[in-house]
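Visitor: Residues per chain, in single letters:
Number of protein chains: 2
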Amino acid sequence: MDAAGFRSHGREMLDYIAHYLETVHLRQPLPDVHPGYLKDLVPDEAPLTGESWEDLKKDLDRVVMPGVTHWHSPHFHAYYPTANSYPAILGDMLSDGIGCIGFSWASSPVCTELEVIVMDWLAKLLRLPNEFLFSGEGNGGGVIQGTASEATLVALLSARAKIFAQMLFADPSSTHGQILDKLVAYTSDECHSSVERAALITLVKMRKLPTDEQGSLRGPTLEKAIREDKERGLIPFFLCATIGTTSACAFDNMSELGPICSSNDIWMHVDAAYAGSACICPEFQYLLDGIEHCTTFNFNPHKWLRVNFDCSAMWVKDRNLISGAFEIDPLYLQHDNQGQIMPDYRHWQIPLGRRFRSLKLWFVLRMFGVAALQQQIRKDVDLAKMFESLVRSDSRFEIVRSVTLGLVCFRLKGDNSITESLHKKINDDRRIHLVPSIIKGTYFIRFVICASATQQEDVSFAWSVIQELTNSLIPS
Amino acid sequence: MDAAGFRSHGREMLDYIAHYLETVHLRQPLPDVHPGYLKDLVPDEAPLTGESWEDLKKDLDRVVMPGVTHWHSPHFHAYYPTANSYPAILGDMLSDGIGCIGFSWASSPVCTELEVIVMDWLAKLLRLPNEFLFSGEGNGGGVIQGTASEATLVALLSARAKIFAQMLFADPSSTHGQILDKLVAYTSDECHSSVERAALITLVKMRKLPTDEQGSLRGPTLEKAIREDKERGLIPFFLCATIGTTSACAFDNMSELGPICSSNDIWMHVDAAYAGSACICPEFQYLLDGIEHCTTFNFNPHKWLRVNFDCSAMWVKDRNLISGAFEIDPLYLQHDNQGQIMPDYRHWQIPLGRRFRSLKLWFVLRMFGVAALQQQIRKDVDLAKMFESLVRSDSRFEIVRSVTLGLVCFRLKGDNSITESLHKKINDDRRIHLVPSIIKGTYFIRFVICASATQQEDVSFAWSVIQELTNSLIPS
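Going down the list, the sequences are from chains A and B.
Take any residue in the first sequence, count from 1 to its spot, add 2: that is its number in my numbering.
Take any residue in the second sequence, count from 1 to its spot, add 2: that is its number in my numbering.
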């Protein structure tokens with residue numbers, strides 16, 4: 003394919019994407035295919051000579067589309083949203099077109115510098131304390147990670163490196179293994195699976211502490227755990243607090259937890275993967291009360307801020323705490339301007355290579371503008387409130403936990419089995435897509451406003467489907 | 003931006019990219035900017051209301067381009083290549099347009115199934131043993147990781163989980179820390195920085211074993227190290243062998259190392275990040291001799307196979323060894339078809355979320371066809387041979403190591419300082435871009451055929467620049 007072919011086939015691809023997104027509401031959100039469906043539709047081997055664009059394009063409808071779960075259907079209410087938008091796609095196209103790898107400043111200066119700029123923009127939108135900004139007075143700064151899982155892992159690894167250094171300074175004869183056996187980290191019993199994964203990877207004991215009736219980890223609980231663990235000779239060093247848990251969008255109490263972490267020299271990492279986006283609206287910034295106590299903070303613009311995956315924004319108060327934990331610096335990656343003014347992001351992340359991801363964030367912030375992004379958040383929260391009212395109006399149902407953002411957790415009153423049956427019916431029916439969760443033995447269904455195109459009529463539709471399927475279980 | 007805006011601005015973006023790639027040879031590969039250049043060119047805050055496409059587009063030339071290192075300039079000969087191509091960009095556009103997240107089969111079945119298919123296609127092109135294929139007789143399969151760094155880390159973590167399980171089975175009273183202090187892994191003294199990073203992350207002792215005069219780790223060296231370590235009470239459990247090192251494209255001797263690993267129950271991971279792509283050509287498949295002994299194997303189609311970053315292909319002989327090391331399985335990620343036939347790739351990688359990356363690989367394999375991709379590899383190897391001849395024709399220079407693929411390591415005869423001076427001159431001159439490396443005290447410059455558009459005249463041009471700058475150091 004030459005440049006002319008790219009221009010012409012590219013136009014067809016633009017049309018294909020625009021048409022797809024304009025008509026995605028007509029598609030069944032969850033496909034009907036069974037595992038292994040694709041094997042019979044494609045050859046066993048790559049072709050020896052190139053195929054025509056026309057043949058490839060035909061296969062988009064024949065091969066690809068039948069197996070897509072349509073995350074951008076307004077009838078998709080599962081997991082949490084993944085963002086997309088036309089400006090983000092254009093930004094990603096440019097990233098691919100330039101095709102640079104930004105592991106150091108010199109490997110493509112703008113790739114680093116634009117990230118520095120837009121991470122400061124974003125920090126200001128969330129009103130993060132000044133010390134998290136590159137342009138702030140301290141030694142802070144932000145970085146785009148691929149996912150919140152990676153941000154949590156980077157935070158935990160950096161905290162582990164810091165405590166190792168302290169312990170080895172105090173007793174140079176101790177081994178990593180001896181120190182490791184004493185380390186203990188904390189999170190809540192409603193944390194995301196990736197926090198447990200990070201503990202598996204780092205070999206750190208991760209205690210999942212009990213939360214209150216709203217799913218919030220509270221100060222006294224942490225204090226008690228620290229006291230117990232210190233009495234056992236363990237070394238508490240890390241807390242992963244969550245602002246907007248996956249199961250039920252619960253919020254750990256940072257204002258209580260933060261001072262306890264500070265006075266015990268515990269690294270507080272805050273995972274606000276989903277809820278963080280809402281904090282561009284002043285009325286939701288109270289969710290970040292206590293953020294000044296955290297060492298690292300993370301949220302995913304790729305969830306709810308119109309930036310396509312992957313774009314997970316992470317800030318650190320003292321960048322040396324992160325970069326120092328990972329620094330390996332062979333000659334072939336060094337450059338003259340190293341360590342001056344601008345970060346070398348390869349020391350901030352797990353992979354070496356990195357794409358020009360700040361472009362899509364920059365495109366989105368500039369082309370939408372802050373007001374339109376706030377508007378999107380508010381619309382989605384209002385739709386969730388609308389769904390909550392509908393559920394509350396039907397006495398067969400109950401709401402689990404309070405509704406703060408775009409997630410509504412609901413169930414049929416009574417035993418779990420009846421809600422499990424309802425979820426199975428919804429899943430088999432296929433008109434809408436929702437996933438269940440379970441907290442402290444209570445099974446419920448999660449309803450999330452996901453696609454940016456979702457409107458009131460889509461919420462009404464979902465509720466009518468749920469009511470219809472419920473009627474076959476329990477007469478109304 | 004609505005669909006009509008996307009169609010029209012998207013066309014301008016296609017033109018911008020096509021024009022950029024058609025004229026990239028006219029740009030200076032390494033930009034002149036200094037750290038911090040961007041701050042004065044952009045505002046301090048994101049705009050409140052959306053800006054026009056025209057304003058954004060103007061900034062591509064004003065703000066972005068001056069800070070780009072042009073990896074696709076035919077005068078860029080640094081690091082190793084990063085691939086790009088028009089078909090890959092189109093595939094990525096579609097991935098962004100669909101915007102699904104493929105962490106489980108159900109979260110978008112085609113995202114998993116197409117990856118299964120194309121990873122088998124790719125395995126067949128490299129003639130990997132049948133047991134690495136999903137369609138093979140064993141329990142093997144492939145996965146697209148983001149980078150080779152992540153593949154190495156996933157392999158090392160999985161190997162660590164395996165040895166932990168064995169040790170804990172033998173002595174349930176032992177702690178992770180106690181076992182960890184006894185573990186030892188191996189790699190060569192010319193390994194990539196990411197192998198050392200993986201050791202930092204996993205807390206595993208990584209011994210860098212000496213290589214022969216061609217930079218190859220040999221069997222007897224490994225055997226000796228294992229014997230020594232076992233005598234010291236250590237537990238050897240992992241080897242990362244490299245096929246095509248970063249410094250000098252050296253090849254560890256898998257045929258010698260493999261049987262030693264097998265007989266000592268050592269997990270052999272093979273990192274062929276750069277060189278692996280060449281193995282789609284039958285004449286280079288000898289480079290993989292001994293691959294049947296490895297447990298995991300990885301190479302980067304995003305380096306030399308026209309697939310844009312990120313696309314790092316990893317295979318495993320027994321997928322349970324990998325998925326078992328990472329499995330955490332909350333209800334909200336489970337689905338009815340779990341664990342049957344198709345993998346849930348979230349258990350194969352560090353992050354939870356994943357893009358539809360197989361699309362770009364599928365587009366590239368289909369639209370180029372195998373023959374054209376082989377042709378590209380052969381052209382680049384021929385160009386490297388051409389450069390080698392030019393260097394050899396000038397008695398002031400010497401070649402370091404034999405030239406096998408697209409990398410030529412060369413230096414001026416004599417002290418390192420003279421080659422260091424030459425590299426500084428090349429860097430300051432800016433017409434071509436190369437980076438240095440150092441092995442066992444010998445400093446040299448790496449010349450790599452990087453951009454796919456590179457032709458004989460570009461190699462001649464580079465050599466003329468190098469000769470001209472050398473003349474100012476040493477009269478010819």
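FYI, nobody ran anything at the bench for these hints, they're computed from the structure.
Treat each hint with caution, since some may be false.
[What the hints assert, rightly or not] With a cut-off of at most 25 angstroms between alpha-carbon atoms, the simulated SDA-like pairs for lysine to any residue come out as follows: (1) A/184 x B/59; (2) B/59 x A/335; (3) B/387 x B/373; (4) B/59 x A/5; (5) A/427 x A/373; (6) B/415 x A/335; (7) A/207 x B/44; (8) B/126 x A/49; (9) A/126 x B/429; (10) B/41 x A/49; (11) A/184 x B/167; (12) B/126 x A/17.
[Claimed, not checked] Listed below are several chain B residues computed to face chain A (Cβ distance under 10 angstroms; list not exhaustive): (13) 55; (14) 85; (15) 232; (16) 335.
[To be verified] Ranges of calculated distance between the beta carbons of each label pair, as one might list FRET restraints: (17) B/332 x A/25: 22 to 28 angstroms; (18) B/6 x A/380: 24 to 30 angstroms; (19) B/322 x A/174: 38 to 44 angstroms; (20) B/61 x A/17: 34 to 40 angstroms; (21) B/61 x A/476: 55 to 61 angstroms; (22) A/17 x B/340: 45 to 51 angstroms; (23) B/14 x A/340: 50 to 56 angstroms; (24) A/404 x B/132: 52 to 58 angstroms; (25) A/326 x B/459: 44 to 50 angstroms; (26) B/459 x A/340: 32 to 38 angstroms; (27) B/132 x A/230: 51 to 57 angstroms.
Predicted model only: the values in this text are computed from it and were never measured.
Glycine included, every Cβ here is placed at the ideal spot set by N, Cα and C.
Visitor: Which of the stated hints cannot be reconciled with the structure, identified by number in ascending sequence?
Guide: Hints 1, 2, 5, 7, 9, 10, 12, 15, 17, 20, 22 and 23 not satisfied by this model.
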